[in-house]
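Asker: In case you want the letters, here they are:
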Amino acid sequence: MERTGAEQTRPQGQARQRISTLRWSVYVAMLLTAAAWGFILLDGDSGFGDLFRERTWQNAGRFVAGLAGAGTDGASSFAQPGRWLETGRLALNTLAMSVLAMGIAGGGALALLMPGARTVSDGTLGGSPSRAGRGVYAAVRVFYMLTRAIPELVWAMLIVFFLSPGILPGALALGIHNLGIVGRLTSEVVENLDPAPARALRAAGASGPKVLLYGVFPQALPMFLTFLLYRWEVVIRTTVVVGFLNAGGLGREFRLRMSWFHYDEVGLLLAWYLLLVVAVDVLSAQLRRRVRWE
Amino acid sequence: MNAVRPVRTGEQVVTPEPLITIKSAAKVYGQNRGLSPLSLGINAGERVALVGPSGSGKTTLLRLLAGSLVADGGAGAVRIDGRAPASLRPGPELAGLVGIVSQRFDLVPHLPALHNVLAGRLGYWSLARSVASLVWPLERRAARDALAQVGLADKINERPAHLSGGEQQRVAIARMMMQSPLVVLADEPVASLDPARAEEVMELLVGLTAAQNRTLIASLHTASLIRRHFTRVIGLRESRLQFDLPGEQLTDGILGELYDLGAGEDMEPLAGLAARDG
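These protein sequence lines map, in sequence, to chains A and B.
Residue numbers for the first sequence follow my numbering, so the first one is 1 and each next one is one higher.
Residue numbers for the second sequence follow my numbering, so the first one is 1 and each next one is one higher.
To be clear, the hints were calculated from the coordinates, so they are not data collected in a lab.
Virtual Cβ for every residue (Gly too), placed ideally from N, Cα, C.
A portion of the hints provided could be inaccurate.
[Said to hold, decoys possible] Have a look at the derived ranges for each label pair, beta carbon to beta carbon:
#	chain 1	residue 1	chain 2	residue 2	range
1	A	Gln-286	B	His-162	19 to 29 Å
2	B	His-162	A	Thr-124	25 to 35 Å
3	B	Gly-207	A	Val-99	49 to 59 Å
4	A	Phe-161	B	Gly-30	50 to 60 Å
5	A	Asp-122	B	Glu-203	33 to 43 Å
For reference, chain A alone in the conformation it holds in the complex (with noise of 0.2 Å):
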């Protein structure tokens, strides 16, 4: 923030001049805040408008009674026992989807592990350094950089267009995609790792591959299943929008039954999916309080 010519001229100390920046910073965000709610309210084509229409307001209200099974013609689906069967095998197909994405990821980013740690390929964890190694890791790290950049929709989309719909594609778009974010960090646990037991290892005596499996795969190991697990976490949110794509599992039904007016039905596969998100996100807690060793 600039100082102005007034203060300068004030012989205060530096907290003085840091109490009015403060100032400043929060006259100019008021002001920010005011300009916008302004051109937000005076504008007529931001459609904020609509959100004090009562119309907006009884759509919602119909939308939500629907969703919740009012309206509609005959039982609604919550009441029907096999109804929630069958969207129920639906959520089991989802959390095949995402265990199935993490085994890509998880399998994928461990087998990548060592190559992609730049301590590894270097040689100060044991091994020695040569060039093939240095080219794996740039290769290792470029591999990660692209699965990590491009998101797990496109990926999806690319997927279904030469595999027929179904989990499979969609668990393979969120497992190439987590891939790059699984081992990208825990390749970075791995560089952070003291050298020093790799090291006293290789004094022992143990040649390369040992003193990984010793004094690197063991330290690395928890930090992995706890990456692995938090992103199970997200996958399986992000399994209902990969499935909007035709990948299968609760998504794709999602889309469906929202094009038919379908609203029951779509509630349904709501409260499924957040059993699923809940159920997801306690075992994940209890399974990283296992791993934690320490």
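Place chain B on chain A using the hints.
Answerer: Okay, now just chain B, sitting in the frame of chain A:
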């Protein structure tokens, strides 16, 4: 470069074939001299203390002996039992020849004491056995014996984080016993321990190497520990050999002189650096 001056005022008679022969071994790191050409012979069963201020070349000498550094003249400048450790690949031969215990213990934090002790066998095991042992520990009895000998039989499943500094160092010693090399090196093994713990650990280290008739070379700074436990003491300063005495002849005066002089001279490389930067 100065000629080698082996200062031998000790009374030991050097046998024709010492276990360890160091012939004009030198190491220069860029602009800094790690070790000026040094020649030494160390017999089997000797317990040698290395003394000297920081930067005097103790660690360089130990790393040359461990084979993790190659002397400037080539790996052959340092030989143990006729073999050059720096030219050996990791494996049974190197593991059986020389091992090192460091100041920082260097245990693997996420593995229990049992696995940390068994890591001493990695040099002898095949990769398959090493993998198997991570899940189902092999040679469990030997590891338990080793831990019992350092007084940690009840800590077999404890992780290093739950052990005190002295206990961690004792696990490192148990690991060294599992490796059981001809020459045991120790780089300031008691530097981070309080005097009572230092005495305990030193007693263990010396007792166990003597029991297995191994040769011990350790760097440390305490005259009383050296007089009590070591047969020979080698003083280094400014990467050069200053004295080579029987352990019991080391006085606080000799040690003080070595360190005082060292402290003064130690400033020189820094001054040189500043001059170059300026």
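Asker: Take a look at whether the Cβ-Cβ distance between His-162(B) and Thr-124(A) falls inside 25 to 35 Å.
Answerer: This hint holds: roughly 27 Å between Cβ atoms.
Asker: Against the range 33 to 43 Å, how does the distance between the Cβ atoms of Asp-122(A) and Glu-203(B) compare: consistent or not?
Answerer: Hint holds: Cβ distance 40 Å, inside 33 to 43 Å.
Asker: Given the hint of 19 to 29 Å, is the C-beta distance from Gln-286(A) to His-162(B) inside that range or not?
Answerer: holds, 24 Å
Asker: Is 49 to 59 Å a correct range for the gap between the Cβ atoms of Gly-207(B) and Val-99(A)?
Answerer: holds, 55 Å
Asker: May I ask you to test the hint 50 to 60 Å on the CB atoms belonging to Phe-161(A) and Gly-30(B)?
Answerer: Between Phe-161(A) and Gly-30(B), where Cβ atoms are some 57 Å apart, the hint holds.
Consistency with the previously given hints is maintained throughout, with no hint failing.
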